[in-house]
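Chemist: Here is what each chain is made of, one letter per residue.
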Amino acid sequence: MVADSPAETLRTLPGDDVRAILWRYADRYDLQMLVQSARGVARGTVARLVAEGERLSHDWTERKNTLLKAYDDAGLTGAFMDPEQGGYIAGPKNFVHALIVFELSWVDAGAATGAMAGDLALAPIHERGTKEQRDFYMSHACPKPGEKTWRGAFALTEPLPYVGVETGLLNGKVRVAEWKEGQEPMLQVDKRGRFITNMGYANFVTAAVETADPKIKSSCMIILHEDDPGIWDRGTPTKKLVHQLSSTTDPVLSLKVPASRIIGGYTIKDGVIIPNFDHGQVIEAVFRRTRVTVGLMTAAKLLSAVEPVIRYQRGRFRGGESAQPGSPRYDLGLQTKEDVLHRLTDIWATGEAAASLGFYTARLFDEIDPLERQRDASFRERKLTGRAAMKETQRLEALAMAGKEANDPLVQFVKLDALGNVFCPATKLWNTGHGANTMREAVSLMGGYGITEDCPGFLGHKWMDAQLEATYEGPEAVQRRQLSITMTNELFLAQFKDWIPGMRTIASTHPGTGACTVATAMQMWLWTLRHLQEAKDADGAKLYTSNRQGVTFPLADALCWILAARQFILDVLELEKKGPENPTVAEGLAGTLQFYMDLCHVQSARAAGEVGRICAELTFGYNRHPAWSSEACNACYLSDDLDALEGLIPGIASSARAYTDVTEPGQEHPAKAGPCVCFENYEAFTKMRMRMDGCLTGARLAKDRAAESLQKVMIPEALDYPL
Amino acid sequence: MSYQIVVCGSIVPDPLQTLEPVSGPTGPSLKNEMMLPSVLDPWAWHALFEAAHLAKNVAGSKVYLVSVAPKAKLQQVMMTVGQKAPFELIVVDGPSSGFTDAAEIAPLLAEAIKGIPGLDMSKLLVFGGWESASRGAGSTMQIVGELLGITNQFQGVDKLTVGADGSFEILERIEGGKHQVSKCAGAPVVLGWATGSLPEPPNNPQIGMQNMRAIMPALQKAKPAKVATDAVKYASVALPKQQRQTKIVKDLPADEIAKEIVAWING
Numbered sequence: 001m002v003a004d005s006p007a008e009t010l011r012t013l014p015g016d017d018v019r020a021i022l023w024r025y026a027d028r029y030d031l032q033m034l035v036q037s038a039r040g041v042a043r044g045t046v047a048r049l050v051a052e053g054e055r056l057s058h059d060w061t062e063r064k065n066t067l068l069k070a071y072d073d074a075g076l077t078g079a080f081m082d083p084e085q086g087g088y089i090a091g092p093k094n095f096v097h098a099l100i101v102f103e104l105s106w107v108d109a110g111a112a113t114g115a116m117a118g119d120l121a122l123a124p125i126h127e128r129g130t131k132e133q134r135d136f137y138m139s140h141a142c143p144k145p146g147e148k149t150w151r152g153a154f155a156l157t158e159p160l161p162y163v164g165v166e167t168g169l170l171n172g173k174v175r176v177a178e179w180k181e182g183q184e185p186m187l188q189v190d191k192r193g194r195f196i197t198n199m200g201y202a203n204f205v206t207a208a209v210e211t212a213d214p215k216i217k218s219s220c221m222i223i224l225h226e227d228d229p230g231i232w233d234r235g236t237p238t239k240k241l242v243h244q245l246s247s248t249t250d251p252v253l254s255l256k257v258p259a260s261r262i263i264g265g266y267t268i269k270d271g272v273i274i275p276n277f278d279h280g281q282v283i284e285a286v287f288r289r290t291r292v293t294v295g296l297m298t299a300a301k302l303l304s305a306v307e308p309v310i311r312y313q314r315g316r317f318r319g320g321e322s323a324q325p326g327s328p329r330y331d332l333g334l335q336t337k338e339d340v341l342h343r344l345t346d347i348w349a350t351g352e353a354a355a356s357l358g359f360y361t362a363r364l365f366d367e368i369d370p371l372e373r374q375r376d377a378s379f380r381e382r383k384l385t386g387r388a389a390m391k392e393t394q395r396l397e398a399l400a401m402a403g404k405e406a407n408d409p410l411v412q413f414v415k416l417d418a419l420g421n422v423f424c425p426a427t428k429l430w431n432t433g434h435g436a437n438t439m440r441e442a443v444s445l446m447g448g449y450g451i452t453e454d455c456p457g458f459l460g461h462k463w464m465d466a467q468l469e470a471t472y473e474g475p476e477a478v479q480r481r482q483l484s485i486t487m488t489n490e491l492f493l494a495q496f497k498d499w500i501p502g503m504r505t506i507a508s509t510h511p512g513t514g515a516c517t518v519a520t521a522m523q524m525w526l527w528t529l530r531h532l533q534e535a536k537d538a539d540g541a542k543l544y545t546s547n548r549q550g551v552t553f554p555l556a557d558a559l560c561w562i563l564a565a566r567q568f569i570l571d572v573l574e575l576e577k578k579g580p581e582n583p584t585v586a587e588g589l590a591g592t593l594q595f596y597m598d599l600c601h602v603q604s605a606r607a608a609g610e611v612g613r614i615c616a617e618l619t620f621g622y623n624r625h626p627a628w629s630s631e632a633c634n635a636c637y638l639s640d641d642l643d644a645l646e647g648l649i650p651g652i653a654s655s656a657r658a659y660t661d662v663t664e665p666g667q668e669h670p671a672k673a674g675p676c677v678c679f680e681n682y683e684a685f686t687k688m689r690m691r692m693d694g695c696l697t698g699a700r701l702a703k704d705r706a707a708e709s710l711q712k713v714m715i716p717e718a719l720d721y722p723l
Numbered sequence: 001m002s003y004q005i006v007v008c009g010s011i012v013p014d015p016l017q018t019l020e021p022v023s024g025p026t027g028p029s030l031k032n033e034m035m036l037p038s039v040l041d042p043w044a045w046h047a048l049f050e051a052a053h054l055a056k057n058v059a060g061s062k063v064y065l066v067s068v069a070p071k072a073k074l075q076q077v078m079m080t081v082g083q084k085a086p087f088e089l090i091v092v093d094g095p096s097s098g099f100t101d102a103a104e105i106a107p108l109l110a111e112a113i114k115g116i117p118g119l120d121m122s123k124l125l126v127f128g129g130w131e132s133a134s135r136g137a138g139s140t141m142q143i144v145g146e147l148l149g150i151t152n153q154f155q156g157v158d159k160l161t162v163g164a165d166g167s168f169e170i171l172e173r174i175e176g177g178k179h180q181v182s183k184c185a186g187a188p189v190v191l192g193w194a195t196g197s198l199p200e201p202p203n204n205p206q207i208g209m210q211n212m213r214a215i216m217p218a219l220q221k222a223k224p225a226k227v228a229t230d231a232v233k234y235a236s237v238a239l240p241k242q243q244r245q246t247k248i249v250k251d252l253p254a255d256e257i258a259k260e261i262v263a264w265i266n267g
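Quick note, the sequences are listed as chains H and R, same order. Each residue of the first sequence is one higher than the one before, starting from 1 at the first, in this note's numbering. Each residue of the second sequence is one higher than the one before, starting from 1 at the first, in this note's numbering.
Wrong hints could be hidden among the right ones.
Below, in silico cross-link-like pairs of lysine-lysine (DSSO-like), each with a Cα-Cα straight-line distance of 30 Å or less [claimed, not checked]: (1) H:K269 to H:K180; (2) H:K144 to H:K180; (3) R:K223 to H:K578; (4) R:K221 to H:K577; (5) R:K56 to H:K69; (6) H:K144 to R:K221.
Just so you know, the hints here were simulated from the structure itself, not pulled from any lab data. Keep in mind that this is a model prediction, so the values were computed, not measured.
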């Protein structure tokens, strides 16, 4: 089975030091401590609750409620707050969230959702709230000894018909209840929520509502308290099949609140309340960050599956008469079979690529955050709103495209923002969508055990949970839709184009990573996009249009494969660079690197395969296949003619069949759909396709090597969380 | 009265890991030991909890953690330990392997303790594990005490009570599940802790951040220590013959579990 085996294979499962280098927090001890804290909760409190069947109830039970204290004690709740608000980590928190969510989801993503839902409620206030609102709610939500910790819920989705349809449509309403001369207006808010996380215990809600009053100009997000006058009905628990360690209900809220609760504040003009931000502006700022962490939930599941699957595979026949100690059947169990090793390699590679993509995106938003605030401040100062703001953004984008004023923070912002607008939906879409499919593979590798509650690593639960992660905070179609727009931004495409030679350069020094394969896939994707933007289908209709989701959505999928494979390669190169500096990583680094590069190669080949398939379908699929017209039939050779020519031109009878259509005796035309398609005008594509197929050379050897590592890698005696 | 509480504690491989002895040019070691995750030696953990608790209750007291360990591994462990209680870390960059003899490690610990600025023997309480999860020779703390000239030594300690006059009442484990109660006038003492009687302190990230500001520089400036590896010769090392066979059975009554254990003991 094993060909071209290296001397070194992976010795142990990658530890924290390896991960910290890969995901770039090796120099941040605050984050390393946070990881340990989150892990303690995940593999302690959370794992015990799952093992003891607490997921079997939809209700928010007393035992589930112990999670909140565990989050508080471990510092997970306070991690979102700035030090002046009672927190302990300064600066942007996207990466902080990403690490917490990853650790909790290693055991149970429902717990991660619950831990993060409070931050989701605070996020509108954090991103768009007034200073007073930020200071008040962030500090009240930060656990402090002897004080009650405020818990929030984010209420956007509503019962049918609007649930999950579009965030722009709302049934929840706000109207003026009372407005006395010289006093602050009091507003009546009516909101029915659906699938609202944290609602079982929330003290406040940040709700999206539409205006139902001419005295309020637009929709807004507004803060509701449990002790506001009116109805605060937490609603019935949602009968979720998944994520049962988070509280989800369908609340009914009808409350009177002061207008100062409008998130981001308001102005009054001609007797009309004008919210400074409509609800769309608020949630856009929120979701583009929180969706990244959801993508990381599925990545964590995939990587968490590796150890239990290996243990199951190796121990599969132990205890049976046919497997005596010392025999391969006893020592390796199912791992004597190539298939299980190859499938686990695919799972591991997907998990790593998903993690690389997700953590990069989280770090990217940490870079974007301060620049975005500078942009907002600058626009506010210059009173740039609406069309004027758009024009200024276009000017900045033009500067970025031209490579001018690269040190201007506003130019830096638009450049990174163009990436963020692609990487966020890409992470959410690919990690959860493809991740859920891959999780099914992981479950299948555990046999019947995989779909029991006792499955080590709770893999069955995780498979089901992955489906929710693919759905909530914007299902796959929403992410594809967003990508279909943002991935055509010329500023993004210019950066994407620049990455292609970068990948080739990496390939020249690291041919075993599959970087060349990724570069060719990138070229093909870019060619296909440009082609589809210009081309028309057989009926003369444009191909790349917003309603033509059969074109735009698959192309978005293809891009995600590329981005994930590329990020994975970049992370592994970082490990190669920094690994030798850390003695705990340096020992065995050769084997670790070889294994990771092989995983990259496997993932790159798989990505290129997907890109090639999608691009070929889209490039050729909208042309009508040539039919057997009389003209086409006339262009065919007749079999009898070829036989006659054989005497004059030896070999023509056989070679002609390879290059053109030949009509056999008694046929009107060859027995097939029509004349073979002529690739005129598609030479560039077909050349690339052929080149990319060639680029797959060595990918299966890499898979064999990775599989060998899976056979040899040392794993712990037992899982570090209960079953 | 305040105390200077010095906890001696090193790291051991995470007990869930597969520990496989191998022989190398420098003697026996564990396979892939540097790559395996480590934890603070559980015996030293208990000593640290007790020290933190005592320091919290006796104003002006300070806890030091003195550790002989590979500093890269120790740094990893500090990410967890550092969040539990305020302490100052003193690092000696050396081996933490179970194949290093107590007689080689104890002088390093004693020297590190003597080097603590402002060390006051009249306030000194030296804590540590009675045993160690990596070796369990049970002699390191005794030697450290001797080298420091501390003759009041107690091993297998489960409880320390400080009297109003500053005297100590100490519960030491003896055979038959009983404790021996000893009284001591006060510092300096060496206490080799068994499991103690206090729970693990809750995590406190604020303390962690505070500790880390000093821990990271301490790790960076830690000097490598020479350990005379030829003091002890190992003829051979092997896994224990009786290997753990984990069996997971849910909801089994205690009587059934007891019967199974008896049957196993009887062979």
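Chemist: Does the structure keep K56 of chain R and K69 of chain H at a Cα separation of 30 Å or less?
Modeler: 23 Å, holds
Chemist: Given the hinted pair K144 of chain H and K180 of chain H, is their alpha-carbon gap at most 30 Å?
Modeler: With Cα atoms ~38 Å apart, K144 of chain H and K180 of chain H exceed 30 Å; violated.
Chemist: Take the C-alpha atoms of K223 of chain R and K578 of chain H, compute the straight-line distance between them, and say whether it is at most 30 Å.
Modeler: 22 Å, holds
Chemist: Please work out if K144 of chain H and K221 of chain R have their alpha carbons no farther apart than 30 Å.
Modeler: 35 Å, violated
Chemist: Starting from K221 of chain R, check that the Cα of K577 of chain H is at most 30 Å away, please.
Modeler: Roughly 24 Å between the alpha carbons, so the hint for K221 of chain R and K577 of chain H holds.
Chemist: K269 of chain H and K180 of chain H were given as a pair; does the straight-line alpha-carbon distance stay at or below 30 Å?
Modeler: 16 Å, holds
Hint violations for this structure: numbers 2 and 6, all remaining hints satisfied.
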